[in-house]
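There are 2 protein chains.
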Amino acid sequence: MGKGIPTREEDYSGWYNELVKKADLAETSAVRGCMVIKPYGFSIWERMQAELDRMFKETGHTNAYFPVFIPKSYMSKEAQHVDGFAKECAVVTHHRLKNAEDGSGVVVDPEAKLEEELIVRPTSETVIWNSYRNWIQSYRDLPLLINQWANVVRWELRTRLFLRTAEFLWQEGHTAHATEQEAIDETEQMLEVYATFVEQFMAVPVIRGLKTPSERFAGAVETYCIEALMQDGKALQSGTSHFLGQNFARAFDVKFATRDGGLEHVWGTSWGVSTRLMGALIMAHSDDNGLIIPPRLAPTQVVIIPIFRNEEQHSAISEKVMEVKISLERLGVSVKYDDRDTHKPGWKFAEYELKGVPVRLAMGPRDLENNTVEVARRDTLEKQSMELDETFPQKIAGLLDQMQTDIYNKALEFQQDNTHKIDDYEEFKRVLDEEGGFVYAHWDGTDETEAKIKEETKATIRCIPLNAEAEEGKCIYSGKPSQQRVLFAKAY
Amino acid sequence: MGKGIPTREEDYSGWYNELVKKADLAETSAVRGCMVIKPYGFSIWERMQAELDRMFKETGHTNAYFPVFIPKSYMSKEAQHVDGFAKECAVVTHHRLKNAEDGSGVVVDPEAKLEEELIVRPTSETVIWNSYRNWIQSYRDLPLLINQWANVVRWELRTRLFLRTAEFLWQEGHTAHATEQEAIDETEQMLEVYATFVEQFMAVPVIRGLKTPSERFAGAVETYCIEALMQDGKALQSGTSHFLGQNFARAFDVKFATRDGGLEHVWGTSWGVSTRLMGALIMAHSDDNGLIIPPRLAPTQVVIIPIFRNEEQHSAISEKVMEVKISLERLGVSVKYDDRDTHKPGWKFAEYELKGVPVRLAMGPRDLENNTVEVARRDTLEKQSMELDETFPQKIAGLLDQMQTDIYNKALEFQQDNTHKIDDYEEFKRVLDEEGGFVYAHWDGTDETEAKIKEETKATIRCIPLNAEAEEGKCIYSGKPSQQRVLFAKAY
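These protein sequence lines are chains A and B, in that order.
Just so we're aligned, residue 0 is where the first sequence starts under numbering that gives the first Met the number 0, counting upward by one.
Just so we're aligned, residue 0 is where the second sequence starts under numbering that gives the first Met the number 0, counting upward by one.
Quick caveat, the hints were computed from the structure, so don't treat them as lab data.
Be aware that one or more of the hints could be misleading.
It does not matter which identical chain is meant; a pair holds if it fits inside one copy or across any two.
With a cut-off of at most 25 Å between alpha-carbon atoms, the simulated SDA-like pairs for lysine to any residue come out as follows [to be verified]:
| id | residue 1 | residue 2 |
| --- | --- | --- |
| 1 | 343 | 83 |
| 2 | 112 | 98 |
| 3 | 21 | 254 |
| 4 | 56 | 150 |
Note that the structure is predicted; figures quoted are calculated from it, not measured.
Given only the sequences and the hints, what does the whole structure look like? Please build it.
Here it is, written out as structure tokens:
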């Protein structure tokens, strides 16, 4: 595409990396593993945040904010939790710099050593449950339904923009309940909120399921997840919702007086999605010309580009464009008019294609004469001339809705075309190696088999699908009996 | 008020601390100096964020996100900057914990020492200007108008909820311009955005001014600020906007090709407000009964409390309340109906008074009969019975507008009543000691005099007011000539 971006066919991974940079979504920073989210990328994340936040509030949650630092000792209170997170964390040990005595710059002041080291939060269960101990006394204080938007740090060695970075942005919900069933219901509700958001706004179909014990969140009794399929045939975990049982309540001694006068540990959940969703959005839909952003998340849904040779034409076109812009905005469509004279129309066409603006309108002198406009849709690259009559704004709004559906359906069709049911291990290996995609196969339910398959094929069990049909079968690896197929794939 | 909160008269500082906790705004955490912003406090901060973010976008700014970590060496690149921030920062030195060999828990893994220490951002000029070097090539890339919402850390020893905490939330704008004048205009524009927000939404009148050289932001050529007066006669700096000249452009080598083919350093600004504004909001208006929140920032503007003795009354009242609620919501008023049967009406009255909900409606069986409702406004505590006719929703919306104005005017009157012009140093000391408030006095313009006055009175020059009349006078301390009065006060 003449912008220095390889095609997906040539180099999928290079295509992704370059697209993220060239489309001004994000870039690496001088701080190892940390990214800079650039204005255009951030404006898409803001649209995601706004919709998710609305959905969280509609399901009764409120936002709060907890400290970025976690005392080292907190991490040890839940035994599995520390194993899951201690190996990859940023540790604050001092609280002051001072001028080096040799004048070479600033150095850490050894006298400003902290009594107890602080961890930059990799996730906030510990610091939040420590607060919940004081917030929860009785069943009247339950359920406690809180969400936090925050930055978190996990010291990843191999990083990729949005998909795996040392620092990332996310939301983390942390709820406390009086009964086990209520906490499970919450866990499942939030999984469904995530699935709805990813499918209806990001236009990415997902498989809902349970993680296997080896892939559970450190400290959870059960981890639910949604898994999406990318265009290179790899899976991307797009959101997780954890049923914590009473694990954190026990670790942080959070009890409540029950209705009938007893004293019990509360039941917990936590759930999160992150800027990783940006990676899913980009990889699920975009093409060799650049981004394809579903209209419901596009910061600009319609861009209007004038084509003129002189100021007279410019001003006549601008007058007409303003009418069109207002009529579209009245329907809630976001519109940008780009009449900069520092760039040619052809450059602008390529630029907005790269940025994934769903609909492009181009208007030249002849259009003005004929009261028409050229309408191009980003997903299919189709162009048509449309009359600027009173039905035009509705038609464009309708086109945006149609595109949202079409983009989803295309991704769904891709997912279906790349989903296999396999019962033979040689075929299983061949498909994962040569074709990729989702593979439904039988598994004997043991950690050993799961680990062996991972070792031999690099594929992991993405999830044990929810609401799947029971089906008698034999484990694809061990031949032992199995009651249900699970979902395998190579994954990000 | 029977909630364990001292009166302002008894103990202003204790009143503030207890009010913040009892009204569920925030609390201290187990991490020294870091606060937990509780759901109710956070919902007010979200209202502030929404309005500020809208104002930033209306003035052409977009949001982005930069790393939380700053390499130690960056801090040294701007000489004054490192002096200003190195003494109070959280330093990350390691990236891993491991199990202690004696089984006593987890310890820092000495093998995971970072090559270069990272500072948790106290402010982001350095890391942002390091990115700008690559983002800016030509005058076509300017102005660059970016804002970031983020958490920052400054290792404060003496902390107070919202006013001074080790970690706080804020926004920081960072802009780059082709000319000095454009950067100065931006600096002044953003000060005016802050002043408008604080006056029109927070209902707190402010004085706009320039900081003296000794109080400037570390690395700025000029620091603009807004100063508000609290009920105890102390000033609170509520926002700052910095003209950075070419200081950070030089430190990070950010140059641009000019229109006429030259190569020059760009001109910069930065500006920020933080969760400190929550402290200003609470201290400016609230009374011994609890919070007073101006309607434009109140998460709930109207609370409706039913008074009933049996289910029949409850259900009849609820039916009427639903009509009222919908009619108010149609006008954009946020309404909460609290018909919980776990708490008595009297408890609810006190609770919403404490939380500062602007308008309380109470409806009992007699009101239902008479088609009336009792309306109580939080600021004046006045109550009246109003008829539930078709003009009722408009009247409540009008009442909220009136309250917004009244709360501002009350604060303005307080500010005016507590502003003094003083020319005698003994009187100056007496007023600052006994009465507090804003004091306009002459100053000779030297750091020495400023420091001496601070030492002797604990008052600082809050600002050199903008647009003040020139007035010949003599320095209140040294007797040397002065051209303009400056604003002194004790401050938070």
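Find the hints from earlier in the document that the structure breaks and name them by number, from lowest to highest. Violated hint: only 1; rest satisfied.
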